[in-house]
Amino acid sequence: MRQSLIPSLIKRMKQAWFAPLFLVLALGACSTVTLISPYDEKLEAGVTQYVQDLSSFLVKMQAANGTAAGKYENNIDFYATQIGLLDGLILRAEAQDTGVGCLLTGKAIKILGDKLPAALRPKPGQTTGTPEGCSLMMVKNIKAQLGIIANIHKAMGGLNADAAKSVEDITMQAIRAVLTVEMLKKKGE
Amino acid sequence: MTVNVDQVLEAVTAAGKQVFADNWGTISTYAETEFKKMSQQMVDIAANVAKHEVDASQGYTAEVGKMLMDMQRLSTVNVLIAMSAMTLVAAQQALNAMLEIVKNTLGGVIGAIL
Chain A
1 MRQSLIPSLI KRMKQAWFAP LFLVLALGAC STVTLISPYD EKLEAGVTQY VQDLSSFLVK
61 MQAANGTAAG KYENNIDFYA TQIGLLDGLI LRAEAQDTGV GCLLTGKAIK ILGDKLPAAL
121 RPKPGQTTGT PEGCSLMMVK NIKAQLGIIA NIHKAMGGLN ADAAKSVEDI TMQAIRAVLT
181 VEMLKKKGE
Chain B
1 MTVNVDQVLE AVTAAGKQVF ADNWGTISTY AETEFKKMSQ QMVDIAANVA KHEVDASQGY
61 TAEVGKMLMD MQRLSTVNVL IAMSAMTLVA AQQALNAMLE IVKNTLGGVI GAIL
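First to last, the protein sequences are chains A and B.
Residue numbers 1 to 189, in the numbering used here, belong to the letters of the first sequence in order.
Residue numbers 1 to 114, in the numbering used here, belong to the letters of the second sequence in order.
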């Protein structure tokens, strides 16, 4: 009569040579290892929409600079709409986040130490972060940048070509980082 | 003192290589491109503040320059996060490729002796 598989397996595991082999089999049985969060189509679409809206807005503001149409007070709707769009993406990212936060690789933390922005520094006892926490932080950074753009608009009374170019170049870099990560995830799936 | 893009780029790249030493090969193309843009943006901010001091209709004030530097810091954080994610994606792909080989080559052998 055929013996049950489990006792046979346990007996074999007691043999030193079999343990690593069992580990390899167990790993081999896993279909894939996941270290990063899955590709998020809505995040990609959301930030792409935001960058398109911001680019058109900056072109309009440069053209209207020095006129009433270019003043911050007459463009509050743009900021309100975009904050709404980014809040939607943040809410979505928060729903997937476990609240652990985002940490860079251990080496980056060790070398950069106190020079790291507070949000990226580990809290006491924290040794890990999640990819979802990193997605959330990247979108929050883009929203914080929009708040700064509004403050610049208010402080200058309008946006001249030099300010608009700096704002656009810097924002693009933050957005490109999000899109780069999402494209990589898409390719890796 | 005038600071040019190459000076800033050299300092930023040296720091990046130190932080991501083990994974620099994986992320170098993205990192070098973004570091160059980052250096250019910082130099542009300084140039625009200087321009404004000469002609108030050009560039922007030091106060606006400071706000733009705050924006740049946030972009830099996103770039660092992306660089970390790239190393994780590379590790994930390497692990999964290894597991696929294990599954294909050893799976049958081990299955036969159980």
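The hints are simulated quantities; they were obtained by calculation from the structure and are not laboratory data.
A hint or two may mislead.
For lysine to aspartate or glutamate, the following EDC-like pairs were computed, each having C-alpha atoms within a straight-line distance of at most 16 Å [what the hints assert, rightly or not]: (1) B:K66 x B:D44; (2) A:K165 x A:D53; (3) B:K37 x A:D77; (4) A:K143 x A:D53; (5) B:K51 x B:E63; (6) A:K60 x A:D77; (7) A:K60 x A:D162; (8) B:K36 x B:D6; (9) A:K42 x A:D87; (10) B:K17 x B:E32; (11) A:K154 x A:E73; (12) A:K60 x A:E73; (13) A:K140 x B:D44; (14) A:K143 x B:D70; (15) A:K154 x B:E63; (16) A:K143 x A:E73; (17) A:K165 x B:D22; (18) B:K36 x A:D87; (19) B:K51 x A:D162; (20) B:K36 x B:E53; (21) B:K37 x B:E53; (22) A:K140 x A:D97; (23) B:K37 x A:D169; (24) A:K143 x A:E94; (25) A:K154 x A:D77; (26) A:K187 x A:E44; (27) B:K66 x A:D162.
Hints versus structure:
This hinted pair checks out: B:K66 and B:D44 have alpha carbons roughly 12 Å apart, not beyond 16 Å. Distance hint between A:K165 and A:D53 is fulfilled; the C-alpha atoms sit about 15 Å from each other, no more than 16 Å. The suggested pairing of B:K37 with A:D77 is violated, with an alpha-carbon distance near 31 Å, which exceeds 16 Å. Restraint check: the Cα-Cα separation between A:K143 and A:D53 comes to about 14 Å, which is no more than 16 Å; the hinted pair holds.
For the hint linking B:K51 to B:E63, the alpha-carbon distance of about 14 Å falls within 16 Å, and the restraint holds. Of the supplied pair hints, the one linking A:K60 and A:D77 holds, its CA atoms being roughly 14 Å apart against a limit of 16 Å. A threshold of 16 Å between alpha carbons decides the hint, and for A:K60 with A:D162 the separation of about 14 Å falls inside it, so the pair holds. For the proposed pair B:K36 and B:D6, the alpha carbon gap of about 8 Å is at most 16 Å, so the pair holds.
At most 16 Å may separate the alpha-carbon atoms for a hinted pair to count; A:K42 and A:D87 meet this at roughly 13 Å. Distance restraint check for B:K17 and B:E32: the Cα-Cα separation of roughly 10 Å lies within the 16 Å cut-off, and the hinted pair is therefore satisfied. A threshold of 16 Å between alpha carbons decides the hint, and for A:K154 with A:E73 the separation of about 8 Å falls inside it, so the pair holds. Note on A:K60 and A:E73: the hinted pairing holds, with a Cα-Cα distance of about 15 Å set against a maximum of 16 Å.
Annotation: proposed proximity of A:K140 to B:D44 is violated, straight-line Cα distance about 25 Å (limit 16 Å). For a cut-off of 16 Å, the pair hint linking A:K143 to B:D70 stands: about 13 Å separates their Cα positions. Among the hinted pairs, A:K154 with B:E63 is consistent with the structure: their alpha-carbon atoms are about 12 Å apart, no more than 16 Å. At most 16 Å may separate the alpha-carbon atoms for a hinted pair to count; A:K143 and A:E73 exceed this at roughly 19 Å.
Pair hint A:K165 plus B:D22 does not hold up; C-alpha atoms about 35 Å apart against a cutoff of 16 Å. Restraint check for B:K36 and A:D87: the C-alpha separation of about 31 Å exceeds 16 Å, so the hint is violated. About 10 Å separates the Cα atoms of B:K51 and A:D162, which keeps this hinted pair within 16 Å; it holds. Taking the CA atoms of B:K36 and B:E53, the gap is about 26 Å. The hint is violated against a cut of 16 Å.
Under the criterion of a C-alpha separation no larger than 16 Å, the hint pairing B:K37 with B:E53 is inconsistent with the structure, at around 25 Å. Between A:K140 and A:D97 the alpha-carbon distance is near 13 Å, which keeps this suggested pair within the 16 Å criterion. For the suggested pair B:K37 and A:D169, the alpha carbons sit about 8 Å apart, so the restraint of at most 16 Å is met. With a CA separation close to 14 Å, the supplied pair A:K143 and A:E94 stays within the 16 Å bound.
Restraint check for A:K154 and A:D77: satisfied, since their Cα atoms lie roughly 14 Å apart, inside the 16 Å limit. Distance restraint check for A:K187 and A:E44: the Cα-Cα separation of roughly 14 Å lies within the 16 Å cut-off, and the hinted pair is therefore satisfied. Under the criterion of a C-alpha separation no larger than 16 Å, the hint pairing B:K66 with A:D162 is consistent with the structure, at around 14 Å.
Taken one by one, the earlier hints fail for this structure at numbers 3, 13, 16, 17, 18, 20, 21, listed in ascending order.
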